[in-house]
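**Student:** Given next are the chains, with one letter for each unit.
There are 2 protein chains.
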Amino acid sequence: MIRVNEHFSALQPSYLFSDISKRVAAFQAAHPEREIIRLGIGDVTQPLPAACVKAFRAAVDEMGRAETFRGYPPYEGLDFLREKIAEHDFGARGIRIGADEIFISDGAKSDTANIQELFAPNIRVAVPDPVYPVYVDSQVMAGRGGAPQDGRYAELVYLESTKENGFVPAPPNESVDLIYLCFPNNPTGAVATKAELRAWVHYAHERKALILFDAAYEAFIRDPELPRSIYEIPGATEVAIECRSFSKTAGFTGTRCAYAVIPHTCMAYNSSGSQEALNPLWYRRQSTKFNGVSYPVQRAAEAVYTPEGQSQVRRINDYYLRNAELIRREMTALGFSVSGGEHSPYLWVDVKMDSWSFFDLLLTRAGVVCTPGSGFGRCGQGFVRISSFNDFENTERAMQRVRQALEKK
Amino acid sequence: MIRVNEHFSALQPSYLFSDISKRVAAFQAAHPEREIIRLGIGDVTQPLPAACVKAFRAAVDEMGRAETFRGYPPYEGLDFLREKIAEHDFGARGIRIGADEIFISDGAKSDTANIQELFAPNIRVAVPDPVYPVYVDSQVMAGRGGAPQDGRYAELVYLESTKENGFVPAPPNESVDLIYLCFPNNPTGAVATKAELRAWVHYAHERKALILFDAAYEAFIRDPELPRSIYEIPGATEVAIECRSFSKTAGFTGTRCAYAVIPHTCMAYNSSGSQEALNPLWYRRQSTKFNGVSYPVQRAAEAVYTPEGQSQVRRINDYYLRNAELIRREMTALGFSVSGGEHSPYLWVDVKMDSWSFFDLLLTRAGVVCTPGSGFGRCGQGFVRISSFNDFENTERAMQRVRQALEKK
Chain A
12 MIRVNEHFSA
22 LQPSYLFSDI
32 SKRVAAFQAA
42 HPEREIIRLG
52 IGDVTQPLPA
62 ACVKAFRAAV
72 DEMGRAETFR
82 GYPPYEGLDF
92 LREKIAEHDF
102 GARGIRIGAD
112 EIFISDGAKS
122 DTANIQELFA
132 PNIRVAVPDP
142 VYPVYVDSQV
152 MAGRGGAPQD
162 GRYAELVYLE
172 STKENGFVPA
182 PPNESVDLIY
192 LCFPNNPTGA
202 VATKAELRAW
212 VHYAHERKAL
222 ILFDAAYEAF
232 IRDPELPRSI
242 YEIPGATEVA
252 IECRSFSKTA
262 GFTGTRCAYA
272 VIPHTCMAYN
282 SSGSQEALNP
292 LWYRRQSTKF
302 NGVSYPVQRA
312 AEAVYTPEGQ
322 SQVRRINDYY
332 LRNAELIRRE
342 MTALGFSVSG
352 GEHSPYLWVD
362 VKMDSWSFFD
372 LLLTRAGVVC
382 TPGSGFGRCG
392 QGFVRISSFN
402 DFENTERAMQ
412 RVRQALEKK
Chain B
12 MIRVNEHFSA
22 LQPSYLFSDI
32 SKRVAAFQAA
42 HPEREIIRLG
52 IGDVTQPLPA
62 ACVKAFRAAV
72 DEMGRAETFR
82 GYPPYEGLDF
92 LREKIAEHDF
102 GARGIRIGAD
112 EIFISDGAKS
122 DTANIQELFA
132 PNIRVAVPDP
142 VYPVYVDSQV
152 MAGRGGAPQD
162 GRYAELVYLE
172 STKENGFVPA
182 PPNESVDLIY
192 LCFPNNPTGA
202 VATKAELRAW
212 VHYAHERKAL
222 ILFDAAYEAF
232 IRDPELPRSI
242 YEIPGATEVA
252 IECRSFSKTA
262 GFTGTRCAYA
272 VIPHTCMAYN
282 SSGSQEALNP
292 LWYRRQSTKF
302 NGVSYPVQRA
312 AEAVYTPEGQ
322 SQVRRINDYY
332 LRNAELIRRE
342 MTALGFSVSG
352 GEHSPYLWVD
362 VKMDSWSFFD
372 LLLTRAGVVC
382 TPGSGFGRCG
392 QGFVRISSFN
402 DFENTERAMQ
412 RVRQALEKK
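Chains as they are written, first to last, in my numbering: chain A, 12 to 420; chain B, 12 to 420.
A portion of the hints provided could be inaccurate.
Result set (DSS-like, lysine-lysine): computed pairs, CA atoms no more than 30 angstroms apart in a straight line [claimed, not checked]: (1) A:205 <-> A:174; (2) B:219 <-> B:205; (3) A:65 <-> A:33; (4) A:65 <-> B:65; (5) A:65 <-> B:219; (6) A:205 <-> A:219; (7) A:95 <-> A:174; (8) A:95 <-> B:205; (9) B:205 <-> B:95.
Some, not all, of what chain B presents toward chain A, calculated at C-beta under 7 angstroms [claimed, not checked]: (10) 16; (11) 47; (12) 77; (13) 103.
Quick caveat, the hints were computed from the structure, so don't treat them as lab data. Using N, Cα and C, we set each Cβ at its ideal position, and we do this for glycine too.
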């Protein structure tokens, strides 16, 4: 009898974005005259940089001619892209990462969800709260969550990200084996300092743990003192995998390209206590279950590293940061305590009331959609996430309306 | 302590293609004057159809303009593509498959490797021998293989595909839960008849088993009596998932697009014996671990279904089939018994000697590279696979040389 993986039944249905859609639709139906501005989404709005479009087109044309046609790409990605990444994203910042430590993929979501396959079923996993749900759900599907209770899972360790710790949790006292960290954080917008990451790298060495560092939003960091990669911390190449993406950096959410860094020195342990290198293990996983990223897409990603690409990408990120600055200023002026939005596209606003009540207030009074923080975990209760991924004009109008709505409250 | 998934250590290293490369390189180094023709590979050589290139380019341009830019695609694929597939690949052939039963992905390899995640760890799995290694290795990584012994795994059931059964194994006497079938087959080129598939669908109903039907090569079938989809068999929508790909059909090996069909009626069982629908379970899996296929790639795939796309794709497949016919004729004339190559791009040649010895013979005497059948499993010993994915001119010259080499033997 073909039996289902019953760990799926432990998954708690996520109604966050569908609930948002339903409430927005109901409001719009009742008030068809009201225009709604969405600051809830985490998807980019600016078009693909011109340099990427140009390279993308040229590669599509290559695929149409017999002399330049390309078949299966290598599982691990094409060298021209891996080399540019190693040089620009790491080498230029004084970090030694080789091209052969970089694996190109179709998304940081795929990577952060799939990398757990390399580990034993009974490892102990720590996730942030609030959290990007993929970390949790991929572990639950693999049977590492345990029983669901009160919106959490019994076997997971939750790293509480609160106002008190500046939304950057310190390592726990107990031992955990795999730790998800994401900075700049989704949803809190918090960025860890070097000292804070040092504490985690130290912890990982001491406890023989591994850090899965999600740096999907690193391009928004402007302060050179803040680490954009965990590999800026000495010893991190032995205890950390880093995931990055072109999605937010270069508007690739609809184009799909990302990468994972697994240094040759990065290790896990087998049951006899010997070390095993994770780089060849991931290669084996990818070569078995993945056939590489579309050739034209890899060429488009490569163009991010041309001089034009670099300045276009910088301009796009600055555009969103300008939105973020505006939101931050306005919400602060209205008396809210705001985290993020300085080196991050997300703002995390302490609304001092139930997240959904504030969501409803903003929707009905200002016609503005945000994301209720409680949807990201228990520690998100009392917060909302506001996204800077929008047009500046929309963001300006949204903030104007929020001001009017909340001032008259 | 971060512990590795020790099932990876049960994986038997596959040296097939690297061994081939090494022997070819060694021969080339010793005989730099000899030109080598490769009929070993399973990768296409004809460029992307013009209709696909045109649509691909137009979609890339859309991504470069703010008004037409697209962010995250839906996890399950874009409706325009799912609807075309439902209409052309199924509806037009009298099979009722809804667009919402189709999941677009980046490759049939990803799908055939990932779908096992939906099932319990202790299900009993049957795989063909010879086999596309992804079926076996993805099961071994999930712990369902058991101990490796003599090139097989103790817990897997092997469906022996031999000359005696025309390379189409009948259902076993014992009960298995998940069955991989692939027709037209890689590597044997065999195609199952409707009667043969009926026996499998009947078996699956009787034993409450599920069939994973890999139809990646269906576009090469020319006989209207041969089933191109398992859903041509009554009752199959309840017991079968079908995987298809644009890779071989339309030259997408480097562009990456495929799809899985999971009918709403397709079920598995939970521990209390109740049925659970697999379609929503796969949606949950994909939405957690995958972020959809690149928008321009989905537009390129959609163009396969335009009238120009259809005739261009037909022309490409006919081109390879012409190669296959030539190889089949020549090898048969040389006295070999040949399977496949009629409704399939692969030819499976009974060489009546050790697969690797014949490989060496062909390489050294004719400068032609084939794939030793023993690399695909125990039942592949004594066979070689010859691929029709090449230029016609190369195929012609290769066959000429093979004839000369073997006639003088």
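**Student:** Does each hint fit the structure? Answer for all of them.
**Tutor:** Checked hints:
1. A:205 <-> A:174: 19 angstroms, holds
2. B:219 <-> B:205: Holds. Residue 219 (chain B) to residue 205 (chain B) sits at ~20 angstroms (cutoff 30 angstroms).
3. A:65 <-> A:33: 39 angstroms, violated
4. A:65 <-> B:65: Distance of about 15 angstroms is within 30 angstroms: holds.
5. A:65 <-> B:219: Outside the cut-off at roughly 52 angstroms; violated.
6. A:205 <-> A:219: Satisfied, since the Cα-Cα distance of roughly 20 angstroms is no more than 30 angstroms.
7. A:95 <-> A:174: Violated. Residue 95 (chain A) to residue 174 (chain A) sits at ~38 angstroms, over the 30 angstroms cutoff.
8. A:95 <-> B:205: Given pair residue 95 (chain A), residue 205 (chain B) is violated - Cα atoms ~52 angstroms apart, limit 30 angstroms.
9. B:205 <-> B:95: Status holds; Cα separation ~25 angstroms.
10. 16: This interface hint holds because 6 angstroms falls under the 7 angstroms limit.
11. 47: Check failed: Cβ of residue 47 (chain B) comes no nearer than 18 angstroms to chain A, outside 7 angstroms.
12. 77: Holds, because the Cβ-Cβ distance from residue 77 (chain B) to chain A comes to roughly 5 angstroms (cut-off 7 angstroms).
13. 103: Violated, about 27 angstroms.
Going down the numbered hints, you'll see the structure goes against 3, 5, 7, 8, 11, 13, while the others check out.
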